[in-house]
Every structure is written in structure tokens, then in C-alpha cells.
Amino acid sequence: MIPLTLQARSDAPAPFVTRLSCSQAGGVDVSRLQAEANDTLLFAGDQGLIEIVGQPSAALDGDVVLVDPGAESAHRLLRAGSRHNTLMVTERCDQLCIMCSQPPKKTHQDRFAYFERACLLAAHGETIGLSGGEPTLYKERLLAFLEYVIERRPDLSFHVLTNGQHFEEAEIDRLADRRFRNVVWGIPLYAAEPSLHDQIVAKSGAFLRLERSLRHLIMAGARVELRTVVLQPNWTALDALACHVTTYLRFVEQWSIMQLENIGFARGRWSALYVDPSAEFGPLAQAIDRALLFGVRPALFNFPRCSVPQPYRKFAIASISDWKQKFAPDCCSCAERSDCSGFFEWHPQELLEKVVPI
Amino acid sequence: MIVLPLRVRPSGKESLLFANDAGQFFQGDRAFLRRYAFDELTAEDISFLSERGQAFDDIDSLGFASHLHGCARRITSPTTLDYLILVPTLRCNLACSYCQVSRASLESRGYDWSDETLAAVLTLIDRLDAGAVKLEFQGGEPTLRPDLIASVIERCERFADKSFVICTNLSCLDEDVMRIFDRPDVLISTSLDGSEFTHQQNRTATAEKTRTFFANLEFVLDRYGPDKVSALPTLDPLNPPQVETLVEAFASRRLPSIYLRPINYQGFARKRHPDSRAQDDRWREYYESFVQAIIARNWSDPSIVLEETYLSLCLRRIFQPGHDRHVDLRNPNPVGRDYIVIDHDGVVYPTDEARMLARSGVVDLAIGHVASGWDTEQRAVLDCASTNQFDPDCQRCTYQPFCGRDLVDDLARYGRIDVPRRETEFCRRHLHVFDFAFRLIYSDDPATRYSLARWLDLGGDLPDLAVSR
Ligand code: SF4
Ligand code: SF4
Numbered sequence: 001m002i003p004l005t006l007q008a009r010s011d012a013p014a015p016f017v018t019r020l021s022c023s024q025a026g027g028v029d030v031s032r033l034q035a036e037a038n039d040t041l042l043f044a045g046d047q048g049l050i051e052i053v054g055q056p057s058a059a060l061d062g063d064v065v066l067v068d069p070g071a072e073s074a075h076r077l078l079r080a081g082s083r084h085n086t087l088m089v090t091e092r093c094d095q096l097c098i099m100c101s102q103p104p105k106k107t108h109q110d111r112f113a114y115f116e117r118a119c120l121l122a123a124h125g126e127t128i129g130l131s132g133g134e135p136t137l138y139k140e141r142l143l144a145f146l147e148y149v150i151e152r153r154p155d156l157s158f159h160v161l162t163n164g165q166h167f168e169e170a171e172i173d174r175l176a177d178r179r180f181r182n183v184v185w186g187i188p189l190y191a192a193e194p195s196l197h198d199q200i201v202a203k204s205g206a207f208l209r210l211e212r213s214l215r216h217l218i219m220a221g222a223r224v225e226l227r228t229v230v231l232q233p234n235w236t237a238l239d240a241l242a243c244h245v246t247t248y249l250r251f252v253e254q255w256s257i258m259q260l261e262n263i264g265f266a267r268g269r270w271s272a273l274y275v276d277p278s279a280e281f282g283p284l285a286q287a288i289d290r291a292l293l294f295g296v297r298p299a300l301f302n303f304p305r306c307s308v309p310q311p312y313r314k315f316a317i318a319s320i321s322d323w324k325q326k327f328a329p330d331c332c333s334c335a336e337r338s339d340c341s342g343f344f345e346w347h348p349q350e351l352l353e354k355v356v357p358i
Numbered sequence: 001m002i003v004l005p006l007r008v009r010p011s012g013k014e015s016l017l018f019a020n021d022a023g024q025f026f027q028g029d030r031a032f033l034r035r036y037a038f039d040e041l042t043a044e045d046i047s048f049l050s051e052r053g054q055a056f057d058d059i060d061s062l063g064f065a066s067h068l069h070g071c072a073r074r075i076t077s078p079t080t081l082d083y084l085i086l087v088p089t090l091r092c093n094l095a096c097s098y099c100q101v102s103r104a105s106l107e108s109r110g111y112d113w114s115d116e117t118l119a120a121v122l123t124l125i126d127r128l129d130a131g132a133v134k135l136e137f138q139g140g141e142p143t144l145r146p147d148l149i150a151s152v153i154e155r156c157e158r159f160a161d162k163s164f165v166i167c168t169n170l171s172c173l174d175e176d177v178m179r180i181f182d183r184p185d186v187l188i189s190t191s192l193d194g195s196e197f198t199h200q201q202n203r204t205a206t207a208e209k210t211r212t213f214f215a216n217l218e219f220v221l222d223r224y225g226p227d228k229v230s231a232l233p234t235l236d237p238l239n240p241p242q243v244e245t246l247v248e249a250f251a252s253r254r255l256p257s258i259y260l261r262p263i264n265y266q267g268f269a270r271k272r273h274p275d276s277r278a279q280d281d282r283w284r285e286y287y288e289s290f291v292q293a294i295i296a297r298n299w300s301d302p303s304i305v306l307e308e309t310y311l312s313l314c315l316r317r318i319f320q321p322g323h324d325r326h327v328d329l330r331n332p333n334p335v336g337r338d339y340i341v342i343d344h345d346g347v348v349y350p351t352d353e354a355r356m357l358a359r360s361g362v363v364d365l366a367i368g369h370v371a372s373g374w375d376t377e378q379r380a381v382l383d384c385a386s387t388n389q390f391d392p393d394c395q396r397c398t399y400q401p402f403c404g405r406d407l408v409d410d411l412a413r414y415g416r417i418d419v420p421r422r423e424t425e426f427c428r429r430h431l432h433v434f435d436f437a438f439r440l441i442y443s444d445d446p447a448t449r450y451s452l453a454r455w456l457d458l459g460g461d462l463p464d465l466a467v468s469r
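Protein sequences, first through last, are from chains Z and S. With the first letter of the first sequence counted as 1, position 291 gets the number 291 in the numbering used here; the numbers rise by one all the way through. With the first letter of the second sequence counted as 1, position 181 gets the number 181 in the numbering used here; the numbers rise by one all the way through.
Don't read these hints as lab results, they were simulated from the structure. Any given hint could be a false lead.
[Said to hold, decoys possible] Derived, one-sided and incomplete: chain Z residues facing chain S with beta-carbon distance under 10 Å:
no. : residue
1   : Leu120
2   : Thr127
3   : Glu169
4   : Cys243
5   : Ala285
6   : Gly295
7   : Pro311
8   : Lys314
Values in this document were obtained by computation on a predicted structure and should not be read as measured data. Just so it is clear, CB atoms sit at the ideal spot from N, CA and C, and this is done for glycine as well.
Using the sequences and the hints, build the whole thing.
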């Protein structure tokens with residue numbers, strides 16, 4: 001795994017955001033490498049000195065980090081060259097999905113000020129993820145943050161993961177603003193049957209509230225990516241969901257159908273939730289074909305390519321973030337490895353042994 | 001409860017096709033129609049309709065917003081100019097019986113781009129602000145001027161995403177032409193009328209030229225494979241070739257797409273084939289038997305999936321809004337916005353057919369000149385008539401969300417654009433093709449369903465579609 005938090009010390013009085021640089025090029029908020037010895041890097045910038053332990057300088061060159069002197073840490077907020085940079089807005093959430101990979105916590109720390117600085121330092125044209133918890137619990141801060149950053153950095157794009165429980169009619173005009181053309185809302189929907197969706201997200205009324213939000217997002221011309229994790233409870237209801245999506249939600253840019261991640265709540269409920277697509281792909285094939293037929297673009301996330309029958313393989317994209325991705329030993333002989341999602345770092349080891357390379 | 005207005009059309013013997021303004025459709029029967037018309041819908045009907053996005057609780061619902069969005073997506077909204085059809089020369093080394101532009105003979109002078117015209121085209125390319133561009137070279141025979149093609153292609157280097165189509169009779173493959181063909185972003189488009197006999201009769205005239213054409217076709221197919229080469233047959237509707245011969249001419253060369261077009265009603269064609277105005281039921285019968293033949297062939301030989309290009313387009317437009325880049329079938333069909341034709345003399349036309357009409361002296365539909373621009377009065381006049389949206393026939397037609405508008409075709413045939421829509425050949429042709437498409441869509445014949453699923457690019461079988469009883 002690529003480490004996201006580094007051991008670091010600094011003489012600064014308070015946390016700050018900076019970009020680490022190994023060259024002498026100029027720029028605001030840059031900390032330049034001064035020395036590298038014995039596993040320790042020394043950077044210096046306007047905001048103070050930083051000492052980082054345990055990484056070679058080449059691995060960190062260009063990273064935008066949040067240095068927290070009190071905690072003796074540096075968070076790599078935006079890693080240079082990574083396509084998977086995600087900022088965690090909050091750990092709070094008002095749903096409690098049965099397979100949540102990051103079970104919510106009660107506490108919240110507002111880090112938007114740091115995110116603003118970090119995004120202004122982002123590489124040109126980068127797409128930055130925002131997730132949680134539920135980012136729209138702090139909707140006013142979130143929208144203001146997006147407006148502020150995109151105004152100054154129109155080259156950046158954002159992908160916000162949200163449960164869609166909080167969009168209001170009164171926000172339609174605001175969301176219709178040109179700046180939100182750079183924002184895609186990634187919104188989960190698990191079933192067309194309201195009670196089944198509500199049961200999966202463990203919140204009654206969630207489906208109906210989500211429908212209202214989606215209606216507002218349509219009226220705002222917002223960009224939406226729909227997300228469905230396949231689970232034993234919704235597996236046979238996938239075609240019904242596809243009917244619903246192709247009837248009511250054709251405005252979405254993409255329907256991402258996702259494989260379960262064996263972490264968080266899913267770890268304890270694995271055997272009750274996990275569906276093995278290599279054993280049976282039928283319901284998923286039907287759903288994909290219905291989406292294709294009606295012009296909704298499907299994508300398969302976190303599906304190792306060998307688990308997907310050939311006609312549908314092209315939809316399986318390398319979706320697993322680099323820092324938590326792994327492959328099976330047999331994968332090295334596989335023809336499709338470079339396009340493959342591989343597995344989550346925490347995927348059950350015994351399932352890895354079953355791969356049949358393509 | 002709001003029930004959307006539905007348009008109805010008989011479909012097959014017992015059934016009716018219902019569609020709303022966004023093109024969402026279902027099949028129903030006469031009893032359902034009666035209940036719908038007399039406001040006697042049952043609770044079951046209502047739940048059927050709301051599951052299909054045809055009925056909602058109120059206008060603030062997701063369903064209604066989605067419906068509005070669906071209607072909007074059925075309307076073409078071209079953004080920026082990114083498709084140029086270029087005619088670097090009007091000269092040609094063949095004289096096909098239905099030549100669509102009354103080409104100039106090989107030796108004639110004054111039918112190639114002048115230096116000024118070339119310069120103006122290159123300036124235009126420099127000013128395009130599209131991310132992806134498509135340039136199509138028409139003629140005449142564009143390969144008579146590989147130098148002009150090469151200058152244009154070279155000027156397009158700055159575009160990350162670009163493609164070039166060379167429409168050629170493949171009579172000459174010299175070094176300069178091959179250098180162009182060898183580029184991975186170049187596609188070759190040619191004509192193939194069926195057997196060697198038919199092809200010679202219609203196009204190549206002498207045995208020697210016929211041999212050259214077929215040898216060159218084999219050569220490019222061998223060298224590049226069928227993905228880079230496409231061929232179009234042009235057929236005499238009064239005397240079409242045998243279906244099997246035509247199908248095999250394509251299948252044996254692994255060319256999957258066949259665009260069955262009857263002779264275009266322009267140029268020489270207008271003079272030599274006076275009967276072509278009445279493209280009667282015989283042509284439509286031929287068309288259907290052709291499609292049935294490829295359905296049967298696809299079913300018995302899955303190694304290649306043949307398609308009739310226009311039918312595939314219509315099918316995609318039925319199911320999927322947003323297929324608006326096929327400029328023959330979309331609505332509105334705005335003039336001189338996202339694509340233009342630049343003739344051998346730099347004159348700008350809205351479509352290739354418009355260029356041919358001007359050339360054959362029927363009506364001058366030029367909208368400007370590449371050097372001076374085409375944001376002109378002429379364009380504005382044509383643009384006013386480029387939609388079917390408010391046409392009284394189309395407004396009642398079940399197929400309006402999928403159909404289009406081709407005012408150049410109306411002008412070519414009738415010299416005017418206000419002929420009642422149902423009496424135009426454009427309308428008759430499209431009513432037929434959509435009727436036929438829906439018969440296929442609701443067919444339960446496994447061979448038909450197999451071909452439909454392939455034409456629509458599905459991985460497996462065609463999903464079940466909505467039927468109300
Ligand atoms: S064998 Fe490995 S690399 Fe190949 S498809 Fe399966 S998981 Fe992916
Ligand atoms: S042209 Fe004919 S088929 Fe097309 S929408 Fe109008 S009436 Fe219908």
C-alpha cells in the first residue's frame with residue numbers, strides 16, 4: 001500500500017498546507033528539499049521547516065501535503081501524478097449502509113480551509129474527489145468551497161460522493177451555475193423498490209428523499225454519476241433497477257455498478273453480502289444490456305476482468321485507487337492486467353488464488 | 001395524476017404503438033387505447049404507465065423532470081463547427097450513370113481549388129475551436145489532387161482527435177495516395193454496387209477499369225482490414241440487384257455495413273432516370289427482403305454481423321436520444337452550423353445534396369464562401385425551415401422524436417418546402433422504415449432478436465420491452 005500519512009515534524013506553530021518540491025523552481029506555498037540523509041528529508045518554505053521520515057524524496061516530489069506539527073504528521077492530500085486523490089470532508093453520515101466501507105463517526109473537524117489551499121496548488125487539469133462520510137451534511141461550506149476553488153481554478157474538476165439526501169429546490173439556480181459544470185455528483189442507488197433501497201442504506205424514507213434530490217439535480221442540469229454496489233439483497237433486483245434507471249434517470253452520465261469492498265461493515269457481513277460474478281453473471285448482464293439499449297452508459301467498478309464474461313469486459317475499468325490496489329500472483333501472466341482493476345488490498349486472500357488469467 | 005399525451009400508431013395486426021414526446025414507447029392493444037381515450041384507465045393501467053415514466057403524481061416529481069429532460073434531449077443542439085466536407089476537385093476519371101454532382105471531365109480546367117481557396121480552407125481549419133474534427137474529402141475524385149488532401153491533413157496536426165475520410169473510386173493508388181491512405185487516422189470510403197457486372201454497368205464502364213477497381217479494393221482490404229474501409233452501394237430502385245448477390249459482395253469481403261440507398265435524385269441522375277421520383281412499394285419490399293436476408297445470414301453465420309446502416313441508425317435513434325451526428329436524420333437539422341460543404345470553387349453549401357442541386361441547375365442553395373463566411377441571409381432563410389417541430393403532420397406522428405427534417409430533399413423533389421409532410425418522399429420513406437423497425441423490435445423471432453441485439457451493440461440478448469394488455 002502507498003502510505004497516505006507520513007511521520008513528520010515541523011517548527012510551525014499551526015497546521016499548514018504546502019507543496020513539496022525537489023527542484024528549486026519558484027511558486028507560492030512551496031517547500032523545497034534542503035537535505036536528504038538517513039531516511040530523513042528536510043524541506044523548507046515560507047511556513048516553516050518540515051522533516052519527513054521514511055520516504056525517498058522522489059516519491060514525494062510535487063505532493064501537496066497538510067503538515068500537522070502537533071500530531072507530528074503530514075497528510076498527502078494531493079499526490080503528484082495520482083488519479084485518485086480524494087479529500088475527506090467529514091466522517092459523519094446520516095445513512096448507515098449495510099456494506100459501508102468507512103463506517104461513519106460522530107466527530108467532525110472542518111478542514112475546508114486546508115482543502116482550499118491544497119486545491120489551489122493542484123496540478124493543472126486534475127480531477128479531485130470529495131468524499132466522507134457525507135459531504136452534504138456541510139452543504140453550505142461544500143458549495144461555497146467548490147465555487148471558490150473553481151472560480152480561481154477553472155481547469156480543475158471535482159467528483160463528489162454524496163448520498164443525495166440534502167439537495168433542495170431552492171438550490172437549483174445555484175447548482176445551475178457554470179462553475180458546477182466542473183462537478184460530478186456520485187450518488188448511490190441500490191434498488192428501484194423503495195423499501196429495499198431504504199433497507200440497504202438503513203434509513204427509512206431515503207429512497208423518496210433521494211428522488212427529490214435527483215429531481216432538483218435534473219432541473220439544475222447537474223452532472224450525476226449513479227452508483228450501485230452489487231449485493232446479495234439487490235442481485236436479483238438489478239434488472240428492475242435497470243428499468244427504473246433507463247426510465248427515470250437517463251440523464252445520468254454514467255451508471256457505475258460496483259463490486260463489494262471487504263472492509264468496514266462489509267467485512268463482518270461478507271458471506272451474507274458478497275456475490276461472486278464469475279459463478280453467475282446473468283442478472284448483471286441483463287442490467288448492463290438494458291442500460292446500453294436505452295443509452296445509459298454502464299461501467300463496472302472493482303470487477304477483476306477475469307470475473308466478467310468477454311462481451312462485458314470492456315466495461316470493467318481499472319477503478320481501484322492505486323494506494324489500495326493489489327494483484328494475485330497469477331496475474332503477472334495475464335494479458336489484461338494493465339486494464340484491470342485488480343483487487344482491494346483487503347480482498348479475501350483465498351479468492352485471489354482462484355483467478356484465471358486471460 | 002398526470003398522464004402524458006401519447007401518440008398512437010397501428011403496429012402489426014392487433015397491436016398499437018404508443019409514444020410520448022420524449023420518444024418513450026410501449027406496445028398496447030385497442031382495449032387499452034379505448035380506456036386511454038375515454039379516460040377510463042384502471043389502477044393497473046396507471047401503475048403500468050407510471051412505471052414507464054408516462055404518468056406522475058405531480059409536475060414537481062422526478063418523473064416529470066425526467067420527461068422534460070428527455071424531450072430536450074430529442075432536440076439537436078449543435079455546438080461548434082467540427083465536420084467539413086471538402087471538394088478539392090470536381091474532376092473525375094469515371095462517368096457513373098447516376099453521378100451525383102455532374103462531375104467535370106479529367107482534362108477540364110478550373111474545377112480544382114485555387115491557391116486562394118486552399119489558403120482560405122487552411123485559415124478556416126486554424127480557426128476551428130473543436131476538440132475533435134472530422135474532414136471528409138468528396139469529389140469529383142479527390143485522389144486526383146493528393147497534394148491538396150495532404151496540405152489539409154497536415155494543417156490538422158494540432159487536433160488531438162481527428163479523422164479523415166477519403167471518398168474515392170479507388171481507380172488510382174499511386175505513391176502519393178498511398179502515403180495518405182497509410183495514415184492511421186484516414187478512412188477509405190468507396191462505392192460497391194454489387195457484382196462486377198452491375199458495378200461495371202453503373203460505374204466503371206470498361207472491363208479494364210472494372211478489373212482495376214476490384215483489384216484495388218482487394219488490395220486496400222488486405223492491407224488495412226475492413227475496419228478502415230467502407231463501401232456504399234448505389235442502387236436503381238427500378239432494377240435493384242439480386243439480394244443474395246449484393247449481400248455476398250459485402251460479406252465475402254468482410255465488409256459488415258451496407259447502406260442501402262436508392263439512386264439519389266440529383267445531377268445526371270435526374271436526367272437519366274426520370275422514373276426515380278416514384279420510389280414505390282417495390283423498393284420498400286426490396287428493402288425489407290434485403291434486411292430479412294441479412295438477419296437470416298447473421299443467424300446462420302455468426303462470424304460476421306451484417307447491418308443495413310440506415311436501419312441501425314434509426315434503431316439507435318428510437319432507443320437512445322442524442323444520436324445527432326448523422327446529418328441526414330436529426331431534428332432540427334440546422335444549416336451551416338456544425339458542418340459545411342466547401343465546393344471546388346470555395347462556395348459553401350449546407351449539405352452535399354445542396355451542392356449537387358446547385359450543380360445540376362435545380363436551385364442554388366449556396367450559403368456563402370469559405371473566404372467571406374456563411375453567416376448569411378441565405379443561411380438564415382434555410383434555417384427557419386430546418387425543424388419538423390411545428391409541422392402539423394409531424395406533431396401528430398408517433399415517430400417525431402426519432403425522425404428528422406431534410407429540406408434540401410424537399411427542394412430537390414418538389415422545388416418547395418411546404419408540401420404537406422405526409423405527401424413527401426422523405427416522410428413516406430421514414431414512416432416505412434420506422435414501421436418496419438418497430439415490427440422487428442417487437443418480433444419474437446430469435447434470429448431477428450439476435451441481429452437487433454448486435455446492431456444495437458448489446459453484449460447478450462435484447463431485453464424484454466414494455467407491452468400493456
Ligand atoms: S488474472 Fe489478474 S490481472 Fe488478469 S483479469 Fe484476473 S485479476 Fe485482472
Ligand atoms: S416526416 Fe413523416 S415520419 Fe417523420 S415525423 Fe414527420 S410525419 Fe412522422
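Hint by hint, here is what the structure shows:
1. Leu120: violated, 26 Å
2. Thr127: violated, 17 Å
3. Glu169: holds, 8 Å
4. Cys243: holds, 7 Å
5. Ala285: holds, 5 Å
6. Gly295: holds, 3 Å
7. Pro311: This interface hint holds because 3 Å falls under the 10 Å limit.
8. Lys314: holds, 9 Å
When each numbered hint is compared with the structure, violations occur for hints 1, 2.
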